[in-house]
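Q: Residue strings, one per chain:
Protein chains: 4
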Amino acid sequence: MSSAHGDKLYLILDTAFKVFGTKGFYETRMSEIADEAGIAKGTLYHYFSSKEELFTAVTKRDHDNFLARLEHTASQPGSLEEQLTRIASTHLHYYYQVRQYTRLFFHVPNNDHKLMLHMRQFLKQYNELVASLLQACGVLQPQLHARSFLGVLEVFKMDILMTEGFGEEDLQQRIDFAVQLFRHGCTLQPQAGME
Amino acid sequence: MSSAHGDKLYLILDTAFKVFGTKGFYETRMSEIADEAGIAKGTLYHYFSSKEELFTAVTKRDHDNFLARLEHTASQPGSLEEQLTRIASTHLHYYYQVRQYTRLFFHVPNNDHKLMLHMRQFLKQYNELVASLLQACGVLQPQLHARSFLGVLEVFKMDILMTEGFGEEDLQQRIDFAVQLFRHGCTLQPQAGME
Amino acid sequence: MSSAHGDKLYLILDTAFKVFGTKGFYETRMSEIADEAGIAKGTLYHYFSSKEELFTAVTKRDHDNFLARLEHTASQPGSLEEQLTRIASTHLHYYYQVRQYTRLFFHVPNNDHKLMLHMRQFLKQYNELVASLLQACGVLQPQLHARSFLGVLEVFKMDILMTEGFGEEDLQQRIDFAVQLFRHGCTLQPQAGME
Amino acid sequence: MSSAHGDKLYLILDTAFKVFGTKGFYETRMSEIADEAGIAKGTLYHYFSSKEELFTAVTKRDHDNFLARLEHTASQPGSLEEQLTRIASTHLHYYYQVRQYTRLFFHVPNNDHKLMLHMRQFLKQYNELVASLLQACGVLQPQLHARSFLGVLEVFKMDILMTEGFGEEDLQQRIDFAVQLFRHGCTLQPQAGME
DNA sequence: CATGAATGAGCTTTCATTCAT
DNA sequence: GATGAATGAAAGCTCATTCAT
Chain A
0 MSSAHGDKLY LILDTAFKVF GTKGFYETRM SEIADEAGIA KGTLYHYFSS KEELFTAVTK
60 RDHDNFLARL EHTASQPGSL EEQLTRIAST HLHYYYQVRQ YTRLFFHVPN NDHKLMLHMR
120 QFLKQYNELV ASLLQACGVL QPQLHARSFL GVLEVFKMDI LMTEGFGEED LQQRIDFAVQ
180 LFRHGCTLQP QAGME
Chain B
0 MSSAHGDKLY LILDTAFKVF GTKGFYETRM SEIADEAGIA KGTLYHYFSS KEELFTAVTK
60 RDHDNFLARL EHTASQPGSL EEQLTRIAST HLHYYYQVRQ YTRLFFHVPN NDHKLMLHMR
120 QFLKQYNELV ASLLQACGVL QPQLHARSFL GVLEVFKMDI LMTEGFGEED LQQRIDFAVQ
180 LFRHGCTLQP QAGME
Chain C
0 MSSAHGDKLY LILDTAFKVF GTKGFYETRM SEIADEAGIA KGTLYHYFSS KEELFTAVTK
60 RDHDNFLARL EHTASQPGSL EEQLTRIAST HLHYYYQVRQ YTRLFFHVPN NDHKLMLHMR
120 QFLKQYNELV ASLLQACGVL QPQLHARSFL GVLEVFKMDI LMTEGFGEED LQQRIDFAVQ
180 LFRHGCTLQP QAGME
Chain D
0 MSSAHGDKLY LILDTAFKVF GTKGFYETRM SEIADEAGIA KGTLYHYFSS KEELFTAVTK
60 RDHDNFLARL EHTASQPGSL EEQLTRIAST HLHYYYQVRQ YTRLFFHVPN NDHKLMLHMR
120 QFLKQYNELV ASLLQACGVL QPQLHARSFL GVLEVFKMDI LMTEGFGEED LQQRIDFAVQ
180 LFRHGCTLQP QAGME
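Chains as they are written, first to last, in numbering that gives the first Met the number 0: chain A, 0 to 194; chain B, 0 to 194; chain C, 0 to 194; chain D, 0 to 194.
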């Protein structure tokens with residue numbers, strides 16, 4: 000009963016995650032989600048009152064999973080290098096895992112106020128979590144540093160989603176690169192007679 | 000004649016830029032663009048054969064303007080610091096200018112193959128332009144550095160679009176911050192007995 | 000359930016037959032069919048994926064009914080005169096029955112490949128059925144005779160559709176006339192001193 | 000001047016005949032006719048006040064040509080066989096000539112009252128002309144005989160339009176067949192011990 | 001006369017949502 | 001709870017027709 004209810008809820012969330020992530024919010028039809036999940040269209044409306052609600056729920060679960068994972072990983076103290084590595088690694092590995100279904104998650108409905116609030120809240124939480132970690136390592140202007148670091152991670156996430164044949168080595172290379180960049184700035188060519 | 004035709008074309012492109020930028024592709028109605036421009040719906044279809052075509056044209060013009068501006072700005076040689084500053088300044092000032100109408104430009108139709116090709120091409124061009132500038136300044140792994148720098152600029156662009164009361168001083172602060180970050184890495188607190 | 004589903008399907012087919020038959024394909028609006036049937040426009044699209052599909056289905060049913068009737072009527076052997084009478088009688092009575100709704104059935108969409116195939120197939124079937132009946136009665140060149148006979152029936156069908164006050168007697172007269180024509184050729188005035 | 004006007008008028012009529020005949024009334028766009036004729040869309044409206052008017056004019060000219068030709072051919076007296084042959088030959092050769100552009104002429108707009116009147120009038124004229132010719136040859140019930148003969152010619156006209164590789168020999172065969180049919184009725188197999 | 005940019009009524013079709021079963 | 005037939009508002013797009021140049 001209760002587990003059956005829960006099972007169907009998870010089935011819907013899982014299916015919706017895949018379909019929304021593959022086609023984007025606007026190109027996804029409720030009927031597709033229902034078909035893919037093997038249930039009736041009407042059933043979706045027993046669990047979520049609208050397409051927007053469902054999308055929001057899917058997004059929320061994804062964000063919660065993500066933040067939980069990051070909090071777990073970075074809860075233990077470490078050097079700046081260690082912490083940056085943990086953040087980058089968590090971020091990129093997470094989206095690497097679900098890369099097949101995240102291609103079009105940047106298409107979100109923009110009229111939905113509740114979702115917009117949630118998105119802002121997530122970004123704020125994520126940002127502050129990273130900022131606090133950086134601050135603990137002695138970084139000044141932790142907010143700007145945090146945002147910048149996430150910006151770098153986001154473009155690397157796009158590499159994951161868009162690059163044909165992107166593999167784990169590529170992932171590791173980018174993690175190391177991002178950490179190195181934030182430790183020492185751009186890596187320059189060794190120049191004769193300088194330094 | 001020719002000017003009249005050109006005028007209406009520009010009127011449509013300008014209006015479409017505003018409406019698409021304010022509401023996103025999917026939430027924009029062709030009738031809204033027509034109404035806003037003070038012309039008939041059918042007229043839009045004299046100039047563009049579909050909503051997607053119009054969106055693509057708007058996007059292309061925006062990208063071309065942007066790249067032209069950047070190429071002009073960064074054509075003269077300079078130190079790494081100068082070049083990073085020029086790039087950041089061009090990027091952020093450009094979107095600061097049009098901030099009112101770019102809020103939802105990240106909503107693009109994802110079924111349109113031609114547009115997708117164009118988007119990729121633009122990103123590639125932009126990336127390579129920046130990479131070549133960095134390489135000229137002696138930066139190793141110019142592609143990754145370029146992508147990272149653009150990632151940072153993108154999150155700052157989001158700050159422009161989303162932060163209530165974001166002003167020119169905030170803009171300048173972020174430009175300086177980004178340049179400093181890429182020159183030297185994270186700025187740490189001066190620690191007793193160190194440095 | 001099943002009966003309800005079937006009922007609505009038949010309701011749509013019946014209504015579409017009337018409206019298409021009265022106004023022709025191009026002058027018929029899907030909304031008219033829906034209104035006439037007392038259902039919503041969208042419901043039509045549950046049963047038929049397009050206007051063309053609906054038209055094709057209507058046409059197919061009509062043709063199938065017609066051929067079934069003819070096959071039933073002419074299955075028993077008979078003299079040439081009897082068979083010609085059966086064919087003519089079936090053809091003309093069939094369209095006499097539905098004369099109110101067949102006025103404009105000769106307006107069919109011409110871009111629809113599937114429908115065109117079906118139309119040809121129907122004509123071929125009809126023709127061959129008649130040809131085989133004639134051949135069994137010892138008629139030479141059965142294909143040409145069959146086509147000719149159907150040509151005569153078609154102009155008489157037009158009489159049914161277009162003649163104000165066309166009644167059953169007129170029908171019978173034409174049936175007899177067609178049979179007589181194909182038995183003996185034109186009926187000439189008895190000429191003095193001849194034959 | 001006058002000739003120039005006439006030239007353009009004929010250009011339009013000729014072009015419209017081809018396009019309407021190839022695609023049918025409803026699938027023909029006024030812009031197609033204009034493009035095909037190498038003139039502007041607006042120019043069509045200097046000569047014809049509407050699409051229906053143009054179609055009607057095209058049809059009228061076709062019918063007038065046809066009737067003139069038939070009247071000329073069958074003006075001289077002759078035996079029934081000769082007259083039937085002249086009618087069939089005129090009818091089928093006429094449509095054989097324009098077979099490329101008559102494929103979809105049976106698609107006519109059905110809301111246009113004037114056109115409908117004209118169509119009926121043409122059919123009536125044609126029918127009566129043939130009926131009078133037959134009557135002059137001593138045929139009883141000339142109206143029904145005329146209609147029947149035209150019915151046969153119409154299905155053979157369809158053969159012309161629809162049969163791949165239909166040639167002049169096929170034409171002659173059908174003319175002879177139709178005449179023979181109306182002279183003597185169906186041609187039967189010679190049966191042993193009969194006749 | 002000739003043009004073709006502009007119009008806008010009106011079409012087919014879609015799809016989130018409802019609700020009787 | 002589950003279903004899916006039914007809904008109908010709303011969208012993109014077409015194209016005959018007009019009229020200023």
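If you're looking for bench data, these hints aren't it; they were derived computationally from the structure. Using N, Cα and C, we set each Cβ at its ideal position, and we do this for glycine too. Check the hints yourself; a few may be wrong.
As the list claims (entries may be wrong) - Quick list of in silico lysine-lysine cross-link-like pairs, DSBU-like style, CA-CA up to 30 Å: (1) D:K22 x B:K50; (2) A:K40 x B:K40; (3) D:K7 x C:K156; (4) C:K156 x A:K40; (5) A:K123 x A:K22; (6) A:K17 x B:K7; (7) A:K123 x A:K113; (8) A:K59 x A:K113.
To be verified - Pairwise CB distance ranges (calculated): (9) D:N110 x B:L116: 33 to 39 Å; (10) C:R60 x B:K7: 37 to 43 Å; (11) D:N110 x C:S74: 50 to 56 Å.
Q: Give a verdict on every hint.
A: Cross-check of the supplied hints:
| no. | hint | in the structure |
| --- | --- | --- |
| 1 | D:K22 x B:K50 | 28 Å, holds |
| 2 | A:K40 x B:K40 | 35 Å, violated |
| 3 | D:K7 x C:K156 | 40 Å, violated |
| 4 | C:K156 x A:K40 | 49 Å, violated |
| 5 | A:K123 x A:K22 | 26 Å, holds |
| 6 | A:K17 x B:K7 | 43 Å, violated |
| 7 | A:K123 x A:K113 | 15 Å, holds |
| 8 | A:K59 x A:K113 | 11 Å, holds |
| 9 | D:N110 x B:L116: 33 to 39 Å | 46 Å, violated |
| 10 | C:R60 x B:K7: 37 to 43 Å | 51 Å, violated |
| 11 | D:N110 x C:S74: 50 to 56 Å | 42 Å, violated |
Hints 2, 3, 4, 6, 9, 10 and 11, counting from the list given before, are not met by this structure.
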